[in-house]
Structure formats: C-alpha cells, structure tokens
Amino acid sequence: MANAMPGSQKSVVLLGGGSTLARAMAMRFAEKGFALVLADLDTAELEVIAQDLRVRYGQSCRALHFDALDYGSHGDFAAECAKALGETPGGVVVCFGVTPVQEDAQKDFSVAHHCLDVNYTGAMSVLEHFATLFETRGSGFIAAVSSVAGDRGRQSNYIYGAAKAALSVYLCGLQNRLFKRGVYVTTIKPGFMDTKMTWGMDLPARLLTDPEQAAGIAVQAILKGRGEAYVPGYWRLIMLIIRHIPGMVFKRLSL
Amino acid sequence: MNESFKNMALAGWGRYKPVPCHVYRPERRDALLALLDGGAPDSVLARGLGRSYGDAAVNRDGSVVDMTRLNRMRSFDPETGELECEPGVSLSEIISVFLPRGWFPGVVPGTRFVTLGGAIAHDVHGKNHHRDGSFSSFVDSIDLWTPALGVVTCSPTENADIFWATVGGAGLTGVMLSVRLRLRRVESAYVTADYQRCANIDAALEAFDATDEDYAYSVAWVDCLATAESLGRSVLMRGNPVAPGRLPRGPAQKPLHTPNRFNATVPFDFPGFVLNPLSIRAFNETFYAMNRPVKDKFVDYDKYFFPLDRILHWNRMYGKRGFVQYQATFPPEGRAGLRAMLERCSVARRASFLAVLKKFGDGGKGMLSHPMRGYTLTLDLADSPGLTAFLGELDRILLDHGGRLYLAKDAVASPETIAAMYPRLEEFRGVLRRVDPDGRIGSDLARRTGIAPAAGETHHG
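For the protein sequence lines, the chains are H and A, in the order given. Counting the first sequence from 1 gives a position; the working numbering is that position plus 567. Counting the second sequence from 1 gives a position; the working numbering is that position plus 92.
Quick caveat, the hints were computed from the structure, so don't treat them as lab data. The structure displayed is predicted, hence computed values, not measured ones. Even glycine gets a Cβ: it sits at the ideal position worked out from N, Cα and C. Where hints are given, some of them may not hold.
Pairs of lysine to aspartate or glutamate, EDC-like flavour, derived with a Cα cap of 16 Å [stated by the list, open to error]: (1) Lys-98(A) with Asp-761(H); (2) Lys-387(A) with Glu-250(A); (3) Lys-451(A) with Asp-304(A); (4) Lys-457(A) with Glu-250(A); (5) Lys-98(A) with Glu-598(H); (6) Lys-763(H) with Glu-779(H); (7) Lys-763(H) with Glu-95(A); (8) Lys-577(H) with Glu-598(H); (9) Lys-109(A) with Asp-492(A); (10) Lys-763(H) with Asp-122(A); (11) Lys-387(A) with Asp-306(A); (12) Lys-577(H) with Asp-637(H).
To list a few chain H residues with every Cβ distance to chain A over 10 Å, as calculated [unchecked claim]: (13) Thr-587; (14) Val-615; (15) Ile-616; (16) Arg-623; (17) Gly-639; (18) Asp-643; (19) Glu-647; (20) Lys-674; (21) Leu-700; (22) Arg-721; (23) Ala-729; (24) Thr-762; (25) Gly-767; (26) Arg-810; (27) Ile-812.
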C-alpha cells in the first residue's frame with residue numbers, strides 16, 4: 568500500500584516555535600491550511616507569534632509551553648498537543664536548538680553538555696513519543712532542523728556539529744524504522760541563515776539565506792516526503808566537497 | 093543577553109552618501125525594550141525598509157534599530173477594519189493579507205515596500221490625498237517608547253501633542269512599539285483610470301482644478317525637458333474604484349486579486365552615462381506618445397498604485413553616486429513658482445527621469461507633516477557636479493512662493509530653509525524637549541536640519 572502523503576492530515580506541531588525559522592515555517596504551513604501548535608520555553612513571546620498567525624491566516628494556532636530539557640514531561644506534552652488540536656497531530660517539526668560559541672564549549676563542559684542535551688537528547692526524547700503515536704496510526708511526518716555543521720567536524724564548531732550529527736543519524740535511523748509504517752522523516756540542513764544567530768557575524772552576504780526562503784524550501788521538502796533537504800540546495804554541493812576532502816588534507820585546514 | 097550589532101554603511105533609497113551606523117535588528121519586543129532601556133551607548137534611531145530617500149533613516153556613528161523583524165500583527169476587527177500591529181509590518185504584507193478579504197490601507201504611497209512605522213514617521217500621502225488626507229487620517233493610536241516618559245500611548249485624543257509630533261516626526265519622538273490603524277473596505281483590486289494628456293503645465297493645473305473632485309485617485313506624470321509652450325506637458329492619470337460587476341470577465345472572477353507579474357530587477361549599478369538628457373528625452377517622448385488619452389481603462393492596484401515596485405532595485409539606475417529626490421509643494425497661489433521651477437529644470441537640463449505632479453487637499457494636523465493644500469512636484473535628480481547649488485536655487489524658488497520640502501525626500505536643505513517652511517517647528521521641538529530632553533534619539537536629518545533642539549538648548553527652551 569502506498570503511503571499517504573505527509574500533508575494529508577493538516578495539523579502540525581512546531582517545537583521551538585519562537586525561532587525565526589519556525590515562525591517562517593509556521594506561515595508556510597498556515598498558508599497551506601494547517602492547524603498549528605507552537606511550543607517553546609517563552610510562551611509570552613510565542614503567544615505574540617501565534618496571534619500573528621491567527622490574524623494573518625485565520626488558522627487555529629495554539630501556543631504551548633515546552634521544555635526540551637524536561638525529558639520526563641515529553642510524553643504528556645505529546646498528549647497535550649493532541650488535545651489542543653483535537654486529533655493526533657499530522658506531523659511534528661523540531662526547530663529548537665542552541666548554538667554555543669565553540670571556545671566557550673571547549674573551556675566549559677557545562678556549555679558543551681547543554682548543547683548536546685538540547686540539540687540531541689531533547690530532540691530524541693520528544694520525537695520518540697511522536698514516533699510511537701504516528702507509527703501506531705500508520706501516517707504522519709517528522710522533521711528536525713539539523714545543520715550542515717553535522718556533516719563533518721570542523722574546528723570552528725565541532726561540539727555543536729557533533730550534537731547535530733547525532734541528530735542527523737538519529738533521524739536517519741528513525742526514517743528507516745518508520746517508512747514502512749507510513750511515516751515520513753525529513754532531516755533539514757540549513758547553511759547560514761539571516762537571523763539573530765548570524766547577525767553581526769562576519770559572513771559573506773551571498774551565503775546568508777533569508778528565513779522566509781529557507782522555510783519555503785524546508786516545508787516543501789517535508790510535504791513531499793523528502794528524506795533530507797539542504798537549505799538552500801547548493802549546500803549539498805558545498806558539503807559534498809567538504810566531506811570528500813581527504814583526512815590528510817582536512818586536518819591541516821582551518822575550517 | 094546583549095543584542096549584537098552590525099557595522100553597516102546605510103543610506104536612504106536615493107543611495108546618496110552612505111554613512112557608517114551600528115545596526116541592531118531585534119526579533120522580539122523584549123529585546124527591543126532591553127536595547128532601548130539599557131541605554132545604547134550612543135544615539136539611537138528606528139529604521140524600517142529604508143525607503144525614505146535622504147538621510148532621515150540614518151544615524152552616523154550612532155545606533156540604528158532595524159525594525160523589520162518586529163512585524164507581528166496583533167489583532168484585526170472585521171467589523172471596523174481596525175488592525176493593530178507592530179510597526180515593522182510592511183504595507184505590502186498588509187495588502188497581501190487583507191486585500192483578498194476586501195480591505196486596503198486608507199492611504200498608500202508610491203511603493204508597497206514601506207513599514208507602517210515609516211509611513212507614520214513621514215505621514216505619507218498617496219493619490220487620494222485631495223479627498224482623504226495623509227496616512228495619519230487612518231491611524232487611531234500608537235504605543236511609543238520615549239526616552240524620558242517610557243512607553244506612552246498617544247492618539248488624537250490622548251497625549252495628542254505627542255501623537256501629532258510623532259506623525260510626520262521622522263522618528264525623532266521615540267520608537268513605535270505598536271500601532272492601531274483603520275483599513276478601508278474595497279470591492280475590487282481595480283480602478284477605472286482616465287488618462288488625459290495636457291499640452292503644458294497650465295493645462296494640467298487647470299484640469300486638476302476643474303475635475304479632480306470627480307476622481308478618488310489622481311496623479312500626473314510631467315515631462316521636465318519640454319520647453320516654451322510645452323513646458324510641463326503632462327499625462328494625468330486619474331481613477332475611481334470599480335464595483336466587481338463592472339469588471340471584464342477575467343478579473344470579475346477574482347476581483348480582489350491583482351495579477352501575478354514577473355518583476356524585473358536592476359541587477360547592478362548602471363554606469364553614469366545611461367541616464368543623460370538625451371536618453372531621458374527619448375524616454376519622455378515615448379512615454380508621452382504611448383499614453384494616448386483613454387477613458388475608463390481597468391487598471392489593477394499594483395499597476396496603478398505601485399508601478400515602480402515592478403522594477404526591483406530601480407534606484408540602481410542612477411548608478412553608484414545615487415540620486416536625490418526633490419519634492420516641492422506650492423500653495424495654490426504659488427503656481428508661478430511651480431512654473432519657474434519647471435523652467436529652471438528644463439533650462440539647466442537637469443532632467444528628471446520621473447517627475448510627478450499632484451494636487452493636495454488640506455494638510456493634516458501633524459506638526460511636521462508635509463502635505464498642505466496646493467500642488468506638489470517630485471523630481472529625481474542624479475548626483476552630479478553642481479547638484480547642491482542647483483538644489484539651492486530650487487529651494488529659493490520654493491521659499492519665495494511659500495512652499496515647502498518633504499523631509500522624507502530631502503538630503504541637503506539647510507536649517508534656515510526648513511525652519512522657514514515648517515511654521516510649527518517650535519511646537520515640535522517643545523514636544524521633543526519633553527519626550528527626549530537629553531537628545532537620545534538622533535538622525536542625520538535631525539542634525540543637518542536642526543529640527544531637533546540642539547544639546548544644551550534643552551532646558552532653556
């Protein structure tokens with residue numbers, strides 16, 4: 568039996584819904600008629616974003632509290648989402664994450680630990696709950712914003728990169744487990760986006776992607792059931808090259 | 093956490109003389125307030141989409157807060173059309189969201205790509221000014237952060253002096269946090285336009301005077317190179333709203349949608365020689381010849397209100413050195429001045445690629461709002477040697493005839509010139525002394541024209 572397409576049930580949960588990319592993705596989903604749950608730590612700011620989506624698109628949009636580090640709460644959270652939407656959500660997208668300064672993470676283990684806890688453990692913990700719900704139902708989509716930094720460790724961000732690499736590998740395995748149960752899993756790998764994270768950083772303007780554009784690419788990939796999406800697509804080529812630099816050469820580079 | 097900033101060279105839309113600024117771009121309201129209350133080390137100024145032409149939205153060596161990420165809509169009342177949103181929302185977003193539902197901003201300038209904050213800070217006007225007044229006619233209230241008074245809500249009835257100083261106040265009274273404005277109902281996204289050629293400026297002004305009241309929207313294109321009896325020959329483009337039932341079959345099916353179009357883009361700075369008196373003359377001849385008189389032509393909103401938005405980065409046509417947009421408004425009795433200004437332009441061969449003429453209705457209550465009853469002429473002038481002296485000559489003509497410049501466009505006028513043009517300037521300064529006694533808000537425009545009280549002047553009034 569062919570799987571139902573990922574967007575067949577029009578509701579989605581965006582975890583880390585207060586981020587710039589999440590807001591832009593929420594707009595794309597709302598445009599396509601999805602009911603939304605946005606979840607984040609800071610619900611005051613989230614409510615502002617949810618209200619904006621309701622005014623613009625006339626879609627139902629709920630703001631829920633979510634703490635990626637409170638692993639024990641994740642099961643109840645998944646149930647709360649279903650209650651808010653009146654149905655088991657059609658899909659879930661992990662948009663939360665932290666980006667520590669590499670040097671801070673090298674010097675202070677707690678920073679590195681926190682990075683791994685949020686970016687990997689928190690994502691894995693919450694997605695397992697949704698995975699089980701979707702698996703039982705036999706449909707749905709799961710996506711997470713990983714990073715090109717997870718494709719190969721580089722001195723400038725390898726602790727963050729390692730957490731994202733773990734996330735990417737996790738999603739790959741999840742995809743392998745769930746595909747035959749009618750659930751689609753998409754790994755989103757953005758390069759540099761023009762957000763608060765990169766504002767003020769010395770980056771070539773041409774490599775900065777507008778969050779609206781990135782969201783368009785990501786949502787399209789999710790709804791087409793793609794396994795992986797580089798955002799924008801040219802990062803696939805950049806990372807292909809970076810991954811294939813021989814180790815002998817790579818270790819001498821300052822990337 | 094401290095907001096990070098970016099060092100950027102910013103200019104107005106005319107790209108005339110960029111200046112270095114520290115640019116912040118908060119994405120949350122609390123981050124903005126922390127930045128403002130935390131006392132940025134230097135003077136601060138809010139900036140929207142940077143469509144004012146001169147130096148109104150730049151702050152040399154100071155802080156500039158890019159407001160475009162604070163663009164959340166907060167509520168909409170489908171009974172009254174009142175929309176509340178953050179000031180970083182653009183008119184383009186408002187139109188995309190609300191035109192399909194049958195609502196449109198009460199006033200739109202010549203581009204969709206302005207923020208609400210910018211539209212208020214310059215109290216922008218549109219093709220319906222003669223009937224409906226300027227943007228502030230549709231603004232109910234503003235939540236404004238001020239350095240001295242914190243966050244104040246102002247409206248025509250509450251803190252009215254702050255409201256009328258903020259409207260048209262070029263961002264100098266504070267930073268807007270939230271705005272409530274009224275949209276108006278529209279039945280279709282089309283106007284029926286009448287195009288009428290006028291052989292010279294006198295004929296154009298007579299046509300405005302005789303029949304402008306028959307039209308909801310009115311504007312004219314002017315040929316600045318025409319001389320003698322053709323001086324100021326124009327094409328009047330005036331229109332009225334259309335009921336969906338009158339539309340031809342295609343548009344009638346989707347009366348509230350404008351057709352999707354391919355947008356051209358100017359990919360790089362044109363070399364300086366592209367726009368010269370000869371090429372502009374050729375353009376003007378073509379434009380005049382192509383716009384044959386026609387009545388009752390259906391034109392969609394995008395094409396009628398925002399023709400230049402279809403050419404992205406059109407400001408690059410003027411090359412690296414940029415250009416100055418000069419908008420001069422003459423009172424009704426100043427028609428001779430308007431003629432003198434056109435003569436001066438055609439003699440000096442400082443042709444404007446696009447020159448626009450409109451008749452204004454009564455001015456509003458904004459202390460520094462530009463529109464006043466009379467005629468307004470807008471010229472684009474490329475930066476070339478002698479420009480400043482030439483603009484000085486135009487200023488002279490304008491002053492002699494009781495006219496005024498538009499602060500959203502101006503880039504060179506002197507403090508004396510501006511003071512002579514805005515009789516309520518002292519009243520405006522009085523409000524600034526209350527809301528910003530220490531001069532925390534600053535802009536190049538404020539410093540160049542002296543419209544903000546100078547430091548030290550503060551406590552003496």
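(Q) Need the list of violated hint numbers for this structure, in ascending order. (A) 2, 5, 9, 12, 13, 14, 15, 16, 24, 25
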